[in-house]
Amino acid sequence: MIGLLREIRDSLVEFIRTFGALMIFFLALLKHSPDTLFRRFALVVGQVHNSGTLSLVIILTSGLFVGAVLGLQGYSNLARFNAEDTVGTFAAFALIKELGPVITALLFAGRAGTSLASEIGLMKATDQLSAMEMMAVDPVKRVVVPRFLGACIAMPFLTAAFSAIGLFGAHLVGVSLLGVDVGAFWQQMQQAISPKDVEEGIVKSVIFGGAASLIAVWEGYNCFPTAEGVGRATTRTVVITAIVVLILDFMITARYL
Amino acid sequence: MADASDKLIEIRDLDYSRGSRPIFRGLNITIRRGEVTAIMGPSGTGKTTLLRLITRQLLPDSGVILVGGVDISTLSQTELYRLRQRFGMLFQNGALLTDMSVFENVAFPLREHTRLSNRLIRHIVLTKLHAVGLRGAADMMPGELSGGMARRVALARAMVMDPDIIIYDEPFVGLDPISMGVIVRLVRRMNDALGISSIIVSHDVQEISTVADRSYLISDGKVAASGSPQELSTATSELVRQFMHGMADGPVAFHYEAPDYEEQLLGRDVEP
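Protein chains in written order, with this note's numbering: chain A, 75 to 331; chain B, 368 to 639.
The set of hints was computed from the structure by calculation and includes no laboratory data.
Any given hint could be a false lead.
Stated by the list, open to error - Pair ranges (Cβ atoms, derived):
no., chain 1, residue 1, chain 2, residue 2, range
1, B, Ser-604, A, Leu-101, 49 to 59 Å
2, B, Leu-487, A, Leu-111, 26 to 36 Å
3, A, Val-313, B, Arg-449, 37 to 47 Å
4, A, Gly-303, B, Asp-438, 28 to 38 Å
5, A, Val-119, B, Asn-485, 44 to 54 Å
6, B, Gly-514, A, Arg-113, 28 to 38 Å
7, A, Ala-102, B, Ser-600, 49 to 59 Å
8, B, Arg-555, A, Asp-109, 40 to 50 Å
9, A, Gly-257, B, Gly-510, 53 to 63 Å
10, A, Asp-109, B, Glu-471, 46 to 56 Å
11, A, Gly-253, B, Thr-465, 10 to 20 Å
Claimed, not checked - According to the in silico footprint, chain A covers these stretches of chain B (three or more CB under 8 Å from chain A):
no., region
12, 453-467
13, 476-486
Claimed, not checked - Quick partial rundown of chain A residues pointing at chain B, CB under 7 Å, derived from the structure:
no., residue
14, Asp-201
15, Gln-202
16, Ala-205
17, Met-208
18, Met-209
19, Ala-210
20, Val-211
Heads up, the beta-carbon is just placed ideally off N, CA and C, and yes, glycines get one too.
Whenever a hint applies, use it, and build me the whole structure from the sequences.
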């Protein structure tokens, strides 16, 4: 019993220590961000391309089919109440407030997050970060901050792209395939969705983007510098991001009710 | 007795442990200005660790490391980075930045620390690449280079800022005889022509003998012997003789500590 309590205490202390170190790391990233944006703008743009543009295919494909499924599910269920014209509103609510930010963050963690963690981890394992330190170049400023900023900037745009293509998917199924009136589809959506709903989606995408990027660069930068360590960091990036995003989603949703 | 101003790096009573395993116990080394100093020793004696301590990538448990008379453990990050601009370091695996071409790798320190024009940077980088025989590989990516070529590019990068001290971690590993000869002569020539100081960690006794002014042989966490390569090669100490002449028998065991061979093969060391 005492052994169990000791283990719980040790785990708690370890968690607090890691969380504290993560927050210090996060503050360091924030501190160096303005300087990086001005002095290393090209690097940030390159990372927006790496995290954003290169994730577009998976985001757009997933968004299209998620929207199409919403169109099908929404139509079949709403038709029971003769409310199939509101399928556009149903899809828009689901995409803008919930599915857009959450699924984009999960896909982002799987595509861009793993790429960031493994890239930084491999740089560490092959002494590239040590070499930078020896050349009097801070690897946090040169390697980590541009990647963190690039991912943070890319996430809201990816979320917007996901939601937009999702609505197109819902329109394709609801209007073109199942015959919902196109005017009703768009007009009811415009009337029902308020700026606050859009704001909720934007806030979620920004916060999820920050969390996913922070976890990815943290895991990469602090991984054990071996092949196994890099692999473990990559896996942890996906798992931790998924859990954190879902917890944050619950908290933000509760805040906006 | 050397003048105090001759002492570029002084390591005094250095203790360092990795976990519960002691690496150095009361290590004392002096690196003199303008000399090529070799750090030698059997595998696992902590030679690379020593380089990391000298450059403060690691901090000692106790003891002092003075660079130019300044205790490096007291430096702020800004001061440390200013000091590191005087260092050039060649890592064992080259540690080239894999997302940049050979040219950009060598140009990297110049772009980070100077405001030189692209034209001047190009001139300097090509000069350094020419010195290591790889001017023609300027547009290649690190992934396209052999291990030896990568190390030569890393050497060009280490000297591109014209440092006061160049640290070489196993510079001769993986080089073909022609490249090795060129690099050995280059190390010596740079040291003498530019008036810099060099520290070389290497197992390669023959090559070290031709280039080093002074050698330290580390064993069991301490300096086992020091002196010119000639002094070491004629030393009577069993350990020095074993290392310098590559003898299998001697104080340094070839086999890592293990249970009895026969007992282990027959499985008698496993408790039922």
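Evaluated hints:
1. For the pair B/Ser-604 and A/Leu-101, the supplied restraint of 49 to 59 Å holds, since their beta-carbon distance comes to about 54 Å.
2. Separated by about 28 Å at the C-beta atoms, B/Leu-487 and A/Leu-111 satisfy the suggested range of 26 to 36 Å.
3. Look at A/Val-313 against B/Arg-449: about 41 Å separates their beta carbons, and that is inside 37 to 47 Å.
4. A hinted range of 28 to 38 Å for the beta carbons of A/Gly-303 and B/Asp-438 is consistent with their spacing of about 33 Å.
5. The given range of 44 to 54 Å is broken by A/Val-119 and B/Asn-485, whose C-beta atoms sit roughly 20 Å from each other.
6. At about 34 Å, the beta-carbon gap between B/Gly-514 and A/Arg-113 stays in the expected band of 28 to 38 Å.
7. Between A/Ala-102 and B/Ser-600, the C-beta spacing of about 51 Å keeps the proposed range 49 to 59 Å intact.
8. Between B/Arg-555 and A/Asp-109 the beta carbon distance is about 42 Å. The supplied range of 40 to 50 Å therefore holds.
9. Range check, A/Gly-257 to B/Gly-510: Cβ separation about 57 Å, and the 53 to 63 Å hint holds.
10. Between A/Asp-109 and B/Glu-471, the C-beta spacing of about 22 Å breaks the proposed range 46 to 56 Å.
11. In this structure, A/Gly-253 and B/Thr-465 break the distance hint of 10 to 20 Å, their C-beta atoms being roughly 55 Å apart.
12. Given as covered by chain A, the region 453-467 of chain B passes the check, having 9 residues with a CB less than 8 Å from a CB of that chain where 3 are the minimum.
13. Here the region 476-486 of chain B counts 3 residues with a CB under 8 Å from a CB of chain A, which clears the bar of 3, and the coverage holds.
14. Look at A/Asp-201: its Cβ gets to within about 4 Å of chain B, closer than 7 Å, so that hint holds up.
15. Taken as an interface hint, A/Gln-202 checks out: its beta carbon lies about 5 Å from the nearest beta carbon of chain B, inside 7 Å.
16. About 4 Å separates the beta-carbon of A/Ala-205 from the nearest beta-carbon of chain B, less than 7 Å, and the hint is met.
17. Because the smallest distance between the Cβ of A/Met-208 and any Cβ of chain B comes to about 4 Å, under 7 Å, the interface hint for this residue holds.
18. Among the interface hints, the one on A/Met-209 holds; its C-beta lies about 5 Å from the nearest C-beta in chain B, closer than the 7 Å criterion.
19. With 7 Å as the threshold, the beta carbon of A/Ala-210 comes within range of chain B, its nearest partner Cβ sitting at about 4 Å, so the hint holds.
20. A least Cβ separation of about 5 Å between A/Val-211 and chain B falls short of the 7 Å threshold, and the interface hint therefore holds.
Hints 5, 10, 11 from the list above are not met by this structure, while the remaining hints are.
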